[in-house]
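Novice: Next come the chains, spelled out residue by residue.
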Amino acid sequence: MSPLLKIDDLAVDFIAKGRITRVVEGVSFTVNAGEAVGLVGESGSGKSLTSLAVLRLIPEPPGLIARGRIEFEGVDLLQLPRDVMPEIRGSKISMIFQEPMSSLNPVMTIGDQVGEAIKLHRRMSRSDRLARVVELLQMVGIPDAEARMGAYPHQFSGGMRQRVMIAMALACEPRLLIADEPTTALDVTIQAQVLDVMNKVRQDTGTAVLLISHDLSVIAEVCDRVVVMYAGRVVETGPVATIFDAPAHPYTDGLLRSIVRPGHEERRLYQIPGSVPPAGSIKAGCPFQPRCPRKIDRCAVDMPPMFDHGAGHGAACWVTAPVRTTEMEVQ
Amino acid sequence: MLRLILGRVLDAVPTILLILTLVFVALRLLPGDPALLALGDYASQEQLALFREQMGLNLPIWQQYFVFLWDMVRLDFGRSLTSQNLVVDMIGRNLPYTIELTLMAMLFGILAGIPLGVLAAVKRRKWPDAAVRVYSLVGYAVPDFYLGAVLLIVFALNLGWVPINGAGTDLASRLHHLLLPAITLAFVKSAFVARLTRTSLLEVLGKDYVRTARAKGAREPRAIYRHGLRNALMPIATGIGLSLLATLSGSVAIELVFNRPGIGEMLISAIARRDYPVIQGGVAVFAFIVLSVNLLVDLAYVVIDPRVRAGK
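Here the protein sequences line up with chains A and B, keeping their order.
Note that the UniProt record's numbering gives residue 114 to position 114 of the first sequence, counting from 1, and the numbers run on in steps of one.
Note that the UniProt record's numbering gives residue 172 to position 172 of the second sequence, counting from 1, and the numbers run on in steps of one.
In case anyone wonders, no lab produced these hints; they're calculated from the structure.
Treat the hints loosely; a few may be bogus.
Straight-line distance between alpha carbons at most 27 Å, and here's what the computed DSSO-like set of lysine-lysine pairs gives [what the hints assert, rightly or not]:
#1 Lys126/B <-> Lys17/A
#2 Lys123/B <-> Lys207/B
#3 Lys119/A <-> Lys126/B
Could you build the full structure based on these sequences and the hints that come with them?
Specialist: In structure tokens, the structure reads:
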């Protein structure tokens, strides 16, 4: 079965003050129908840009998709005429953003905003549409949905607004839902509720999810598979359980060791030394090499390819590479 | 909603009082004797004394002040010192001309300014943006009384398309008379509104909710107008409200240039003759209009932005 979304060798540039900076380089991964894939990385790792690239929502200029293919249902979205994209956005692929406070239009009612995608993509009578909006709001757990339709965003709490965003994104039953840090701006208890809503929605609708987060525990809550990004590149990918139990890239290992675990509170949290290099500053070798506790001489010279660790698990690292190995066919 | 309106109205009371006081004080500080100006240099001492008594000018200044305030409260502006007409009637006769000029100028200014601003914002850093910028600069730089004189010479004197002076009688001729002065005032207005619209819209178009709209599949016109412009209207409404007041005072000069009747024309000739009651009445009406406009702008927020409705 061919995957729902196949990103192949994506590269994104940013042009500022006449300088071109490569911020996403050679990113490849897939999302299958109904699957939930997590995209993890620190700020500046290129994960949000990768997700915006799928909908071609990167503002151009200053951004520019320099290379690559983004196949959705077998069609390369990057080759489509620009004015065809709005037919896909919000209909087949929709997106939830990080800031529920600023991502909703302050002067439109919740009902109008949730119903807008339906209005744009589906032929439906007004009464059917309103009924559908109520149904959506109920699905994401907004109490008293019918009465709340006429309310404005400022009358909702952050968690409720993010539920509205989810309802809005699901309005046209998309095949793929991209969620960019959907819980980052929320309190921890509200985070758990919103993640529950996302899990429930996945079960109910069979929508595939691409969840972008810097927080591995959020990914673990929702996803089947993980793609780890560092400095604009994919460094490791594999099933959630495998990545958590036996990470094959020192960066993933560092990320996992810096998570708070219940029962181990007395331990000082691990911290990866140094910080993410500025975009475009890596000239040769592995981008993580300057911070890597296990680096060998070769790391500074050659960029490691993605090595196959079996069972859909791959890591771009010379040190952990299996002895007799071939470059992994990126799944 | 009602409480909001009532609150704003009450807020205006001290402002009105302050303005009236300023008018009263300023007029008494002006050199020149109103009795002398009204009756002429050859009036006898008795005539002058009688006039002062009739007009209450012989009272101590503080008594004059309270009499003045009390009259204002009763909307009794008195009679003109020179023509003996009731000031209320004079204002009633002149005000419609000023209002029609101001409103028409605002209408033209907004109708031209908002589309120009949207064009500049959407085509940012391309030639339409540059063209709108030049237009705005010219609009700011050219004084409206000068522009009025130029337009008058070209379109009224040379081409004869519009009347040279006056305000007309029936509706068609009034509109005909109104055209040129309104366009003169509207030119500056449209320059201002275009700049304001460009700035506010550009700011709003960078907001997350406009991206959300695009992510939902909204095409650019929908993202810009439905989601962007409505949010950009808040600062535009404020600016238009404030500039309405500027237009009102601008209309004073324009009324003189085009020799139109109006509050401005009435005030200026009253000042020349130290006609206290007319000046006081005129300024009071001006102040009242200014405050009403401010109130209307506040109420426009309520319509545009639901957050204000909630009293935040």
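Novice: Regarding the pair lysine 119/A and lysine 126/B, is the alpha-carbon distance no greater than 27 Å?
Specialist: violated, 33 Å
Novice: Take the C-alpha atoms of lysine 123/B and lysine 207/B, compute the straight-line distance between them, and say whether it is at most 27 Å.
Specialist: holds, 18 Å
Novice: Is lysine 126/B close enough to lysine 17/A, meaning Cα to Cα at most 27 Å?
Specialist: Holds, because 18 Å separates the two Cα atoms, which is no more than 27 Å.
Of the numbered hints given earlier, the model fails hint 3 alone.
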